[in-house]
Amino acid sequence: GAGVSQSPSNKVTEKGKDVELRCDPISGHTALYWYRQSLGQGLEFLIYFQGNSAPDKSGLPSDRFSAERTGGSVSTLTIQRTQQEDSAVYLCASSLAGSNNEQFFGPGTRLTVL
Amino acid sequence: GNSVTQMEGPVTLSEEAFLTINCTYTATGYPSLFWYVQYPGEGLQLLLKATKADDKGSNKGFEATYRKETTSFHLEKGSVQVSDSAVYFCALSERGGNNRLAFGKGNQVVVIP
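Read top to bottom, the protein sequences are chains A and B.
Just so we're aligned, residue 1 is where the first sequence starts under the numbering used here, counting upward by one.
Just so we're aligned, residue 115 is where the second sequence starts under the numbering used here, counting upward by one.
Don't take every hint at face value.
Simulated restraints on C-beta separations [as the list claims (entries may be wrong)]:
1. Ser-27(A) - Thr-142(B): 31 to 37 Å
2. Thr-142(B) - Glu-102(A): 29 to 35 Å
3. Leu-160(B) - Pro-8(A): 23 to 29 Å
What the simulated footprint calls covered on chain A by chain B, stretch by stretch (three residues with Cβ under 8 Å from a Cβ of chain B suffice, anywhere in the stretch; the number is not a length) [what the hints assert, rightly or not]:
4. 12-23
5. 60-67
To be clear, the hints were calculated from the coordinates, so they are not data collected in a lab.
Quantities reported herein were computed from a predicted structural model and do not represent experimental measurements.
In this text, a Cβ means the ideal position worked out from N, Cα and C, and glycines have one as well.
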């Protein structure tokens, strides 16, 4: 069946521009996560959505980062006024609700800020 | 807070050699522990997991045992193949929380024929 998909796969932007990254989770998965993978910091949690509950935004590194999840399915991560340190691979994962359920990861979006 | 520490540096070894990747953790509660693998050009995949002390996770010849007394979850494989070349990440999630994963830095494993 279809896994988690992300788009675009690669994004090159200029410093100061806004970018939007998209995640399509596995159908029926109510939990959705965004992580960031960078050379200096490794894999970091950014934000978590579960059903209609308020998202856990505790991992977002600055107020330039925001995310939404419409209709409990597709999610968009937006980075405003991008900086060079935002360059990383942004990973989305989804899972069934509840503890210990396996998170299934998408292929990621590689963001390069020039 | 929760954190995961993996041994520094890449691991290079010959085919059929024994592989060990060390992982230790710090957690405030009773976490579940995971090993994820990232093959070249592919996304992260769950390799194995253990949800309580003394549990052993196993998959594809890899094993790891949840050791509460040493707060460790070392990954082992008795005889590696070239196809095991990948980056391996140790991770934990706090039970009862939002299931967010805290990852180690990862270890690049290169298996030479």
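Q) Is it true that Thr-142(B) and Glu-102(A) lie within 29 to 35 Å of each other by Cβ? A) violated, 23 Å
Q. Three or more residues of the stretch 60-67 of chain A near chain B by CB distance under 8 Å?
A. Violated: only 0 residues of the stretch 60-67 of chain A have a Cβ under 8 Å from chain B.
Q: Given the hint of 31 to 37 Å, check if Ser-27(A) and Thr-142(B) actually sit that far apart at their C-beta atoms.
A: holds, 34 Å
Q: Mind taking a look at whether chain B covers the stretch 12-23 of chain A? Criterion is 3 or more residues with CB to CB distance under 8 Å.
A: violated (count 0)
Q: Mind checking the hinted window 23 to 29 Å against the Cβ distance between Leu-160(B) and Pro-8(A)?
A: Holds - the Cβ-Cβ distance for Leu-160(B) and Pro-8(A), about 25 Å, lies within 23 to 29 Å.
Consistency with the previously given hints fails for numbers 2, 4 and 5, ordered from lowest to highest.
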